[in-house]
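In order, the protein sequence lines correspond to chains X and S. Take 1 as the starting number for the first sequence in this note's numbering and just add one per residue. Take 1 as the starting number for the second sequence in this note's numbering and just add one per residue.
Check the hints yourself; a few may be wrong.
[To be verified] As a list, the in silico DSSO-like pairs of lysine-lysine whose alpha-carbon atoms are at most 27 Å apart: (1) X:Lys146 with X:Lys23; (2) X:Lys212 with S:Lys815; (3) S:Lys129 with S:Lys170; (4) S:Lys10 with X:Lys188; (5) S:Lys815 with X:Lys24; (6) S:Lys111 with X:Lys77; (7) X:Lys23 with S:Lys686; (8) S:Lys422 with S:Lys556; (9) X:Lys188 with S:Lys670; (10) X:Lys142 with S:Lys668; (11) X:Lys3 with S:Lys686; (12) S:Lys686 with X:Lys24; (13) S:Lys670 with X:Lys212.
Calculated from the structure, these hints are not laboratory results.
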Amino acid sequence: MTKALVLAGDGINCEQEMAFAAKKVGFSIDIVHINDLIQKKFSQEDLKKTYKSLFLPGGFSFGDHLGSGRVLALKLKKGLAWDLNDFAENGGVVLGVCNGFQALIAMGVFGKNVSITHNIQNTFINRWASLQKTKNDNIFLKGIEKMYLPIRHGEGRLLFDSSVLLYDNSDFQVSVQYSEDVNGSTEKIAGLVSSSGRIFGLMPHPEAAIRKTQTPQWTMNPEDCDGVEVGLQFFKNAYEEVQCL
Amino acid sequence: MFNRTEVILKNELQDPKGLALHNKIKKWNSLLGEKIQSIRVVDIFWTHFEGEQSEFEIAASDIWWDAVTQQKEFPSGEWVVEREYHPGMTDNLGHTGHEALEICCRRSLAKSQVFSGQAYVFFGSGLKKDEVTLITESLISNSLIHRHRIFAKGEFASYSRFEPSTIAAKFTQQRDFAVKAQLVPLSTMAENELIEFSKKNLLSLNLNEMRAIQNYFKSEKREPTDVEIEILAQTWSEHCKHKIFAADVEYSEKVSSNAADRPTIPQKISSLFKTTIAGTTQEIPKPWLLSVFKDNAGIVSFSDEEALCIKVETHNSPSALDPFGGAITGIVGVNRDILGCGFGAKPIFNTDVFCVGPLEMTTQLPPGIIPPAQLLEGIRSGVEAGGNQSGIPTVNGALYFDPSFLGKPLVFCGSGGIMPRKIAEKFCYEKSIEHGDLICMVGGRIGRDGIHGATFSSLEMTESIPSSVVQLGDPITQRRMTDFLIEARDRGYYRTLTDNGAGGLSSSVGEMADIAGGARIDVSLAKTKMAGLKPFELVISESQERMTVAVPPENKIDFLELAARRGVEVSVLGEFTNSGRFEIFYAKDKVGDLALEFLHNGAPTLKLKAHWQEKSFAKESFERDSKPFQTLIKLLQRPNIRSKESMIRQYDHEVQGRSVIKSLQTSKAKKSTPNDAAVLAISHEKSIGVVVGCGLAPRLSLVDPYIMAQAAVDEAIRNLLCVGAEFSLTDETVLSLIDNFCWPDPVEDPEKMAALVRTCYGLRTACLALKAPLISGKDSMKNDYRGTQNGEQIKVSVLPTLLVTAMGRIPDYRKARSADFKKAGDRIYLLGPDQLGLAQSEWHGLRSEIPQTALTVALPNWKEAIPLYQWLGSQESSEFLRSAHDLSDGGLLVAMAESCFVNNLGVVFDSQIDLHTVQQTFGEGFHQFVVTVPEGKSAMVEKDWTRRKLRFIPVGVVTEVPEFVWKTDKVSVEDLYQAWSKESL
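With the rest of the complex left out, here is chain S (with noise of 0.2 Å):
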């Protein structure tokens, strides 16, 4: 039986989706929205019910029937657009829908099938059918994902959608094709057919590692076939294998001026990340680093019974096709590198970062490039729904804007996770597997979406993509999932796991394999979405919500017979071996079968050239400002600095029930205070917390990369420490960084290459200072857009980009901290060394014409800076501070005017200060705090701080009248909190 199901809201209530999409359309396009006085939402379903009518029509009214708010008749409305997803896309309302049927029907409904839709409904008597078109195919429609129709009025009351035959066509499945592995004729290829080859079939394989692969076909005396080409260009994808990281890299720089602290970087670089990165972690052994960048995410002991784990990734690729389809993959499948890491964690709190273009560029943007606000929304509610869903609070983030970010959104999606140390007798860390042990592919099934996404994402972006790359995520599938791995890993069910992301099958099966020493699987076994998979397509396919699982064979039926009463699909695919080779079949033929030892470590190095032109900038800086309080309003305005509370309350910061310190400090009177990062309970019983914050400072790549990289660190480190993580040289502080590359292309581009150099130096030597180890890192290196615009070739590349989130612990999370300033007569103080600039700061964006080479630069002093943040990592501090907040985008006046707000506080400032010194008014830069002390200890936190030679400034008193007083000028806070929070994000 066909049947088409529609869920209409009552026509008196007001419909929350429709208004919201009014909404979205006015923002877009003021004089459209005018047009449309309201739109209603209607969900379709349609369904193909392989049992009576009757029953079906009884289970329909319990699942999606609801007299309280439904009614039966359509809206009449002038307009109708139909949209549903293409057919294979996953659909989780249409999903959810057949499973409730099952639920109603008491029986399994194999045959059946149900699908999900919207209708929505348009009601303006003077919208035009062009003008339809066009916010359908701006805002509704993703033509990646979805197809649509549209009808008038009286088109759609003439369109027979309740026909069973109109219905059917919806189900007509796709002819099975004869699915083989195709050989390629490798061999015979000459040099520009390899280049060819590579490029028409999306491999994104260089010439040199084109040859390797030909080479080594040749020592196998045989041609490839698809399937192997497939593994070995998403193994050896940058995506996957991060080649420009492994490469041989000559360095070399011309120097201008005779600045003191410049690096020395060696001139020949083999393979910055064993140098730089591994490197660096390797110089600072730590006793609680239980596993570092060999896993999914690098582990580190937090308690004698618990280990915490942590993995930052990029999605921008996806992001920038399907801004919600992409973040939500992008955070869904972070939690799966959590769950996934050691013998399996349980993930307990997401972070995001953003980095997009301007949300004032809507129009007149280069073809196929989403503009910046819908990018923003998508991404943001991408993120809301993978964690909301989840139950995995959303706990930190940030969100920076830049015009270079048109060319590929940065989209950082992190997870954090908890496991016991030891489970019986195995540790949390180990991965071991034994040849014989079962191979399962556990969670969601495999489809054709996300086909080559490593691959592709190791491309720059064009105007024409393919479709297979997009996917969506399924929370759900995943959810029951977790829960199911959790409890297998309990029971000792399982020996160890990883997940299935870029590169699929192929990566996932091919990495335990070189933990084994082979394997051997039978792609025919997996469980697919639909028929008709070619052999390599399973292989590849990137489908979402899957894991492997080696299990060892005595367990079976155990693990078997968990995941059915969980509601999780386990295909058994082959086992594990010692054959050194990756062999796969399709039920009886064999349509793969290569060396481990070539697939991974067969490609060759790269060579990469590095060159560096060093900037002159200021020695000092003479910049005066005699309206400092007018400047800081336009500050507080700004994108990077403004409010982010109506982003923040829509994820889940909550769930789990182990915030100690939220991103927003709020009190009864809704107003809000941003804290610099978040503190969590890691159990319930305990009161150690965990320490979760991040920086970033991208524009100063503009000066110095090397600069930007230790900017990030010590805002990142500044951030734990505003709130009160535990801070020392020594063993006993658990402080580790994971690093996030996001780079324009620098192969054949030596200044990229020479920033990305610099940069990797940059953080080592932060690391080395604050021995603070990298445990987890990625890196993206494809972030440009190529186009045509009005004729014209064009190309837009990411401003180079280092993310650094930093995981520290507090050993009583009751001493933490807040940024608010707290009670009236508490003295404010500026605590730290002097290192600010103006370059590239948030107040050179207001006056963006002074070239930045006459302006100062912000340098970082790891040798005071140290002893402060000793202090302020130390038990001490919290005897003396009632709040600490750095000194970050905007300088000394945004910070102070924030840690106002909440609790509606006001300053008077020492008339020694001086705040028409734009550089210390205004400036940016390290290793900076304004931090308040109840007037009975200042006598006492003066003398202590004189003793240890920390440098601090007396800046004012708290007042309880809500005003900034500096003598005679005034502003109220009120003001202050209108330009910030007037167009929160």
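Excised from the complex, chain X in its bound form (with noise of 0.2 Å):
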């Protein structure tokens, strides 16, 4: 059994959908709430021991007053002290969507030198947009070059401290990219991955669009209403990927 884990709790609010996109492709899925995590003391050992795969649903963990995943990164941190790299070095693999993504940020797992903030527009925003990945290496998107996938937030715009360049870097690597700009995101950056590859963020749910009745516009050819969507194959990637070890 390929097990994953599902972190719940705290104002995370995409668990379930995203559970049951990892449960399709094959994995064996515990959703668990942070609380149970940190009262069983469930260390680093317990997580490469336990799971293969590591999924950090969107939402609005602590309401996002803080900082859009912040005080979650700060619970992950002091309450349980992972180190996602060597989660990842030996044969894990994480997504982290949306809040996720931005918890992932905050933790530091993408190095100090970036932040994620309000949207330009000051507003929350509920589209579907196209994205484009970059040449670099990741996992999740093996076999993937353009996706249309639903974003869903109000603190998307990735910022980087100017010293950083972001094209050669060691603690992270642009992943993939809005083809247009949505949300003031330095260089319309929608995701990152660390540099093994296996540590993969992103604002865009590939979790709601795995059936092709979820996209914005499968009424134009109803007789593909069974079709799969681009989002599945995240996760079978994820899936393929650890199986192999």
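Dock chain to chain to rebuild the complex, using the hints, since each chain is given by itself in its own frame.
Written out as structure tokens, the structure reads:
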């Protein structure tokens, strides 16, 4: 059994659909409340031993009150002190979506020189966006070039310290970019991947684009209504990756 | 230690919050907007920390500092406005700040406190103090919620803002005062004193009710406590008791014409609710109705495993005072109705309908009335915050403008939820309580916020209102509570639950006591936000995010342990009994002891008069329009018709991944066509969908509320049919309706009362015709404003408004339809009996000089409509139809224009169609649809329609060229789209 952990609690909202997508491709899923992990003192070793994949779903953890993903990141750091890079180097894969991505950033997984803040238009935005993958390795995006995925966020504007070389960096690699400016994010960046290619964070929601009938224009071709969407491929790739080991 | 932490965005980074405020000012007052160069917004946190300063500094840096985006230096603008909450208001940022400190310090910090605030830094040398004050008081600081200070540059520099003594002053605790219940000398009060007492204490009880209370305590041989009086006032409030709907009504009418389908309305009506609402549902018993009108929401079964429940609430009065707070508490409040329905359901969608005054009205408003544009932005962002943060998609809604809604905005917040039909041996709709079960208050704490909400909303709005009725929402606390309760439900830890809404504990425990047969609570055990709350305040406070749960004593430890593990607070207040009484203690003192029989059934029945005077209208329309496409452009710009895309985009309408048909049909070219209703998958594993739509037609109240009500039902049903909901008159069809009445005060106003009666009968007629039962509803009866303007007394009353929300089912959502035209060559048809009119239409709005009596009125024809609805609601129609859109505001051309937008297609109209006939081109009314059929299937479908005797008119053909072409007339779809979307709301 290939087990995956889907984090829940404290205002994480998308754990059910995330778990469903992962389950559909073959993962055996535990949806676990962060407080239960802390109470059990679920250590780095436990994580590596038990799970092949960690999913951090979207939501509004701690209401985004002190910055999106920030307090969740603090709680994960102080409460569990997991080293996700070590998890990834030992065969694990990590996907952080939306609030989960924001938490990965706040945890420092992509280094100290990146931050994410309010969209330039200062509004929440729910729409579908076209995205393009960069050439950087990303185990989740094998065989995918272009994507059309929903975005649903108020804080998706990635900012980097001015000293950072965006495309030549050991802390992170740019992985997906919007085809147009949707929120003022630097270089239209929508997602980052660790240099190992195994920790991936992005603002768009692959778990909400797994069925054709979730896409905005599926009624144009109702005969294709049973089709699957690109989001599911993210999970398939992750599953196949951890199976190989 | 006292600290002030400032979160300051780097100067070189654009400040979205500052920009947004600047844009808001420009929109509100362009002259002032121009004077401002820019605005920067700084978040401030004041902390009273119980540990070492060094420990605080490390934690504060972890929590608040971000080297990539922040700087330490305060922006040096010309003016600084520092804003914070009044003490005791819900402060979510402060609350999370405190929690973050505990996380960082790895221990409980019960003695520490964090408050949040903002500094607005204005740049612009020409700005004067009175201008900054005006901006602050109009757009930044709501005196009911906030306090603020304004500093000139120099003043701010010399403001010792980091001084511990300055900060400490913010934390001075209110002194505890004696918290005791007071006896009220009721027995000796004369009639005028009784009325005076009710008024002074915002009880909103009339003389008869005060007398009943006086008599009750005479029979109990004692004086009541303030706790008891307050409990009675909440429970008997119009808001909670629906006295008008329960009243004895004398109805009369004066008819002036000999209309054929005039309803037969009895002269004596004993409870409109019993006879026309619940009574109607009784006449349409459906096997899938699990619980109607009993619980917090109506419950229907959707499949062998799942039940769905739905509720729509209004939060008009709170939203009139504080739009954001009113709307957010409205939406999270109705989510609690879902959570508190049956044994507890999980919310899966929200809906919102707003009725507000015209946005262009910015000045010259009566005192106390918030300009509509600001109000709309406030309520929209409240619903956004409530839904988005809770992870519940906002999937359907409407926006309606009319000057009458200046009197009070109507803020309808709806929610639907899902639950298993059965857990263990328990049915989802059962609400049983055993005596001995513990009474647990779960979730938020009690504060002074939201005291007298129920009674206040049962009064008309005036210039002076008490600030204690205002409440703010805290979605994260509610989210945790929801997750916890669903988990506890699945583990079987509790018996049943209900939410704390209007009336607070007095209502929730009072209602549950009625099931159990009695209740005893000690309110001194309730967790509070502040010290010094009086017993009556504890009992009636409407502080948010609280549920009352009945927990069997043997599950107490498990229940409390799970709550603690989920970060949810529980106060065990007492237990349910079989004493027949609601007993309230404050520690050892008994502060209330009411017989349940009197509490729930002791309120005297109201007696009301209703008189209707029929109006006459034109029988036939001779209106002509030689330039229909020009008129169309004007109509598309009208607020009730124009695009609502920018609002819709700010709601998360896809979270949970269920969406099948979204509010807007969109393409990569970023154009949109509004869909008629939402379709959602009820689970990821099945292809059963739930369909949600709504209808309302307030302006038809001016014609005849009997028609208005039927129009609202018809629109809601048509919206469902457009997207493919099942429909038949048999028991297999799962289709339920929810009614929400928002009325101007009909007490002592026979005309408004007659409008209510006629609306109820209209609703009943439509429900019976469609065999669609009502399953839940709500009324709000005091939607009037009274005040003085230019020295004159004025009163603004809302249009009598019925909102009908429809929840239907689609057995296979892969057969769902959208409203957009899809392929060139498809044939376009107008389907449905000709039941259009012009009085009070959007076209009439363009020609308001025409008296409505000179225009035609749309009338329903259910007999002809039903075969069409059956066809649309069957699998067969999905074989033929490529799109369906209902004929709604603006009529035929508006519907067709909307359908063209998303795929940028056009129409060549058949030349037999006469677009100069206003009634056909712009008439609004009942039963009609615009549908498209692939060319190859058109002959077959026409034959089928003819066989079924369904009326259809071929309208034209969809074209690749994005133009409307009729004979020699032409208009580009791009021009139509610009008209519709330029000022998207």
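Checked hints:
1. About 24 Å separates the Cα atoms of Lys146 of chain X and Lys23 of chain X, which keeps this hinted pair within 27 Å; it holds.
2. Under the criterion of a C-alpha separation no larger than 27 Å, the hint pairing Lys212 of chain X with Lys815 of chain S is consistent with the structure, at around 13 Å.
3. Distance hint between Lys129 of chain S and Lys170 of chain S is fulfilled; the C-alpha atoms sit about 25 Å from each other, no more than 27 Å.
4. As the CA atoms of Lys10 of chain S and Lys188 of chain X are separated by approximately 20 Å, the hinted pair is consistent with the 27 Å bound.
5. Of the supplied pair hints, the one linking Lys815 of chain S and Lys24 of chain X holds, its CA atoms being roughly 23 Å apart against a limit of 27 Å.
6. Of the pairs offered as hints, the one joining Lys111 of chain S and Lys77 of chain X holds, with about 24 Å between alpha carbons and a cut-off of 27 Å not exceeded.
7. For the hint pairing Lys23 of chain X with Lys686 of chain S, the CA-to-CA distance comes to about 15 Å; that is within 27 Å, so the pair holds.
8. Using a Cα cut-off of 27 Å, the hinted pair Lys422 of chain S and Lys556 of chain S holds, with the two alpha carbons roughly 23 Å apart.
9. Our distance criterion of 27 Å between C-alpha atoms is met by Lys188 of chain X and Lys670 of chain S, whose separation comes to about 18 Å.
10. For the suggested pair Lys142 of chain X and Lys668 of chain S, the alpha carbons sit about 24 Å apart, so the restraint of at most 27 Å is met.
11. Between the alpha carbons of Lys3 of chain X and Lys686 of chain S the distance comes to roughly 24 Å, so the proposed pair stays at or under 27 Å and holds.
12. A hinted pair counts as satisfied when its Cα atoms are at most 27 Å apart, and Lys686 of chain S with Lys24 of chain X qualifies at roughly 13 Å.
13. For the proposed pair Lys670 of chain S and Lys212 of chain X, the alpha carbon gap of about 19 Å is at most 27 Å, so the pair holds.
In this structure, every one of the numbered hints holds.
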